[in-house]
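Undergrad: One letter stands for each residue in the lines below.
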Amino acid sequence: MKHYEVEILDAKTKDKLCFLDKVEPNATIGEIKSMFHKSHPQWYPARQSIRLDPKGKSLKDEDVLQHLPVGTTATFYFRDLGAQISWVTVFLTEYTGPLVIYLMFYFRVPFIYAPKYDFTTSKHWVVHLACMCHSFHYVKRLLETLFVHRFSHGTMPLRNIFKNCTYYWGFAAWMAYYINHPLYTPPSKLYGEQQIRLALILFLFCQIGNFSIHIALRNLRPPGSKTRKIPYPTKNPFTWIFLLVSCPNYTYELGSWLGFTLMTQCLPVAFFTLVGFIQMTVWAKGKHRSYLKEFRDYPPLRSPILPFIL
Amino acid sequence: MASSEEDGTVEEKENNNKKRTKSTLATAWLTFYNIAMTAGWLVLAIAMMRFYVQKGTHKGLYRSIARTLKFFQTFALVEVGHCAIGIVRTSVIVTGVQVCSRIFMVWFITNSIRQIQNEESVILFLVVWTVTEVTRYSYYTFKLLNHLPYFIKWARYNFFIVLYPLGVAGELLTIYAALPFVRRSGMYSMRLPNKYNVSFDYYYCLIVVMLSYIPLFPQLYFHMLRQRRKVLHGEVIVEKDD
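Residue numbers (my numbering), protein chains in the order written: chain H, 1 to 310; chain Y, 1001 to 1242.
There could be a bad hint or two in this list.
[Claimed, not checked] Cβ-Cβ distance ranges computed for the label pairs, FRET-style:
| # | chain 1 | residue 1 | chain 2 | residue 2 | range |
| --- | --- | --- | --- | --- | --- |
| 1 | Y | S1212 | H | L183 | 43 to 51 Å |
| 2 | Y | W1107 | H | L204 | 41 to 49 Å |
| 3 | Y | F1075 | H | Q279 | 25 to 33 Å |
| 4 | H | L146 | Y | G1096 | 37 to 45 Å |
| 5 | H | L183 | Y | S1185 | 35 to 43 Å |
| 6 | H | L146 | Y | P1180 | 49 to 57 Å |
| 7 | H | Q279 | Y | R1063 | 38 to 46 Å |
| 8 | Y | L1077 | H | M132 | 51 to 59 Å |
[Stated by the list, open to error] Calculated Cβ distances over 10 Å to all of chain H for the following chain Y residues:
| # | residue |
| --- | --- |
| 9 | W1029 |
| 10 | V1092 |
| 11 | I1103 |
| 12 | I1113 |
| 13 | T1132 |
| 14 | W1154 |
| 15 | L1172 |
| 16 | S1185 |
| 17 | L1192 |
| 18 | N1194 |
| 19 | K1195 |
| 20 | Y1196 |
| 21 | N1197 |
| 22 | V1198 |
| 23 | D1201 |
| 24 | Y1204 |
Think of the hints as simulated: they come from the structure by calculation, not from any bench.
Don't be surprised by glycine CBs; every beta carbon is placed ideally from N, CA and C.
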């Protein structure tokens, strides 16, 4: 069996960082990363980006050495991705924050509102309903992170956790402050009850929908694998939206927050919904584009996030 | 086959022609735009000098040039569009932040808080802005006409070293002077209870704006310093990768 020699150069300075001889032809990039890690212990595999070209795309961990366009002496370029943190850790942190923060405002913990309101409860039943919905939403997200989602990437850059937590925790505090405020104004007497009821139905419908999509996406992928397949409608009616939309999880998420906005009639919530919608649209368009690129037979009727519109 | 090959090259030529007409159109528009803005800010500079020479005081100077200032500074919003459609190679965000901060000063501070219009700090930032903009727009104009005198390039990449901090000082002092009037009048503010369940305090917003200068100003300043080193001294700067 012919062995390969692998040299790893810095993508920016082109310095020779590592030389590996007697590498098996069927070694994967992942294994090469582990070997590189031994000689440079500060660069654990998750923060290594190995490419064939200094400015090219990162090679995948599953790529096999002998299937790459390299000679028996392979030259790879290395880029440090920076400190990494696991997706699970990020999700758990960014979702626990809003759960706890909202409850602090709901129970009117001291130093938020005027002292005479400390530990009092709102007299409006919609405020209690909103707290249940908000808490349910984030508990659902935490449980999905632990038991449902199958992540393509193990890690993301460390700085993302600060950015993400600022976003989620900041908005949660901003919304919770007004909804649980002693001077909160619930939807007006005239149509208020119907508005709240409609909002609750919309919210619950979309929560179930979002969960159904997460389950459907999980079932597309066998445990421990990173395969990508086209998602299709299943027996669950909530997944039939796949006929019209590539990322229905985002569609349902938008619906949930529209419901919550309607329920609380609170401008900061509307703002949060809008910002979230913009971000999810960007993600959905990207996902839709990669589906189209990867699969020739991708259903043409589907839109990224809103049926026929967006 | 033969005809489709022909079609291919015809299409390519058409595309190249489209690209060329688009870039001549873009160059023509940008040249016109930069000449117009240079002229506009020169008019402002002359009007300010005339007022001071004639009246001997800066009181009432802002009122006299307010309309021209509002017109030309607001029109600069199109520069964000230029970056967005790609006819100017600058980051949309950097341009956006700079234009928005100007719009904010003009419309939400000086225009709406009359009591501070005669402050010296207003004159300070007006003078700084005028010198900066005349230099900047004439730099772009000459660059587009391929006829850039060295002293304009020198001015563009050296004046800012002094003007930028001075301008920031003028702006911050003006906002600071405006604070008591904002608090007293409660302008642009909304209190609870209201049916949108939101509140906004312009006074605290202004304090946050003032604090935001602390992280933002050094970034913009060092960006300009880096540009200066690249343009004037031909230094090759290795940017930090993301």
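Undergrad: Each hint: holds or not?
TA: Each hint tested on the structure:
1. In this structure the supplied range 43 to 51 Å is violated for S1212/Y paired with L183/H, their Cβ-Cβ distance being about 29 Å.
2. Between W1107/Y and L204/H the beta carbon distance is about 44 Å. The supplied range of 41 to 49 Å therefore holds.
3. Against the hinted window of 25 to 33 Å, the Cβ-Cβ separation of F1075/Y and Q279/H comes to about 31 Å, which satisfies the hint.
4. Between L146/H and G1096/Y the beta carbon distance is about 40 Å. The supplied range of 37 to 45 Å therefore holds.
5. The given range of 35 to 43 Å is broken by L183/H and S1185/Y, whose C-beta atoms sit roughly 22 Å from each other.
6. A C-beta distance of roughly 53 Å is found between L146/H and P1180/Y, which places it inside the suggested range of 49 to 57 Å.
7. Taking the beta carbon of each, Q279/H and R1063/Y are about 44 Å apart, inside 38 to 46 Å as hinted.
8. A C-beta distance of roughly 45 Å is found between L1077/Y and M132/H, which places it outside the suggested range of 51 to 59 Å.
9. Once the 10 Å rule is applied to beta carbons, W1029/Y is consistent with being away from chain H; the minimum gap is 30 Å.
10. Every C-beta of chain H lies more than 10 Å from that of V1092/Y, the closest at about 15 Å, which supports listing it as non-interface.
11. Interface exclusion of I1103/Y from chain H stands, the closest Cβ pair being 21 Å apart, more than 10 Å.
12. Distance to chain H confirms I1113/Y as a non-interface residue, since its nearest Cβ pair spans about 25 Å, more than 10 Å.
13. Every CB of chain H is more than 10 Å from the CB of T1132/Y (nearest about 33 Å), matching its label as outside the interface.
14. For W1154/Y, the requirement that its beta carbon stay farther than 10 Å from each beta carbon of chain H is met, with the minimum near 33 Å.
15. The claim that L1172/Y lies off the interface holds: its Cβ sits roughly 25 Å from the closest Cβ of chain H, which is beyond the 10 Å cut-off.
16. Taking the minimum C-beta to C-beta distance to chain H, about 22 Å, the non-interface status of S1185/Y holds against the 10 Å cut.
17. With a least beta-carbon separation of about 4 Å from chain H, L1192/Y fails to lie farther than 10 Å from that chain, contradicting its non-interface assignment.
18. Separation of N1194/Y from chain H is inadequate, the least Cβ-Cβ distance of about 7 Å not exceeding the 10 Å criterion.
19. With a least beta-carbon separation of about 5 Å from chain H, K1195/Y fails to lie farther than 10 Å from that chain, contradicting its non-interface assignment.
20. The Cβ of Y1196/Y does not lie farther than 10 Å from every Cβ of chain H; its closest approach is about 4 Å, which violates its non-interface assignment.
21. With a cut of 10 Å on Cβ distances, N1197/Y falls inside the contact zone with chain H, its closest approach being about 4 Å.
22. At roughly 4 Å, the least C-beta separation between V1198/Y and chain H is not larger than 10 Å, which violates its mark as non-interface.
23. Separation of D1201/Y from chain H is adequate, the least Cβ-Cβ distance of about 13 Å exceeding the 10 Å criterion.
24. With a closest Cβ-Cβ approach of about 14 Å to chain H, Y1204/Y is found to remain outside the 10 Å limit, as its non-interface label requires.
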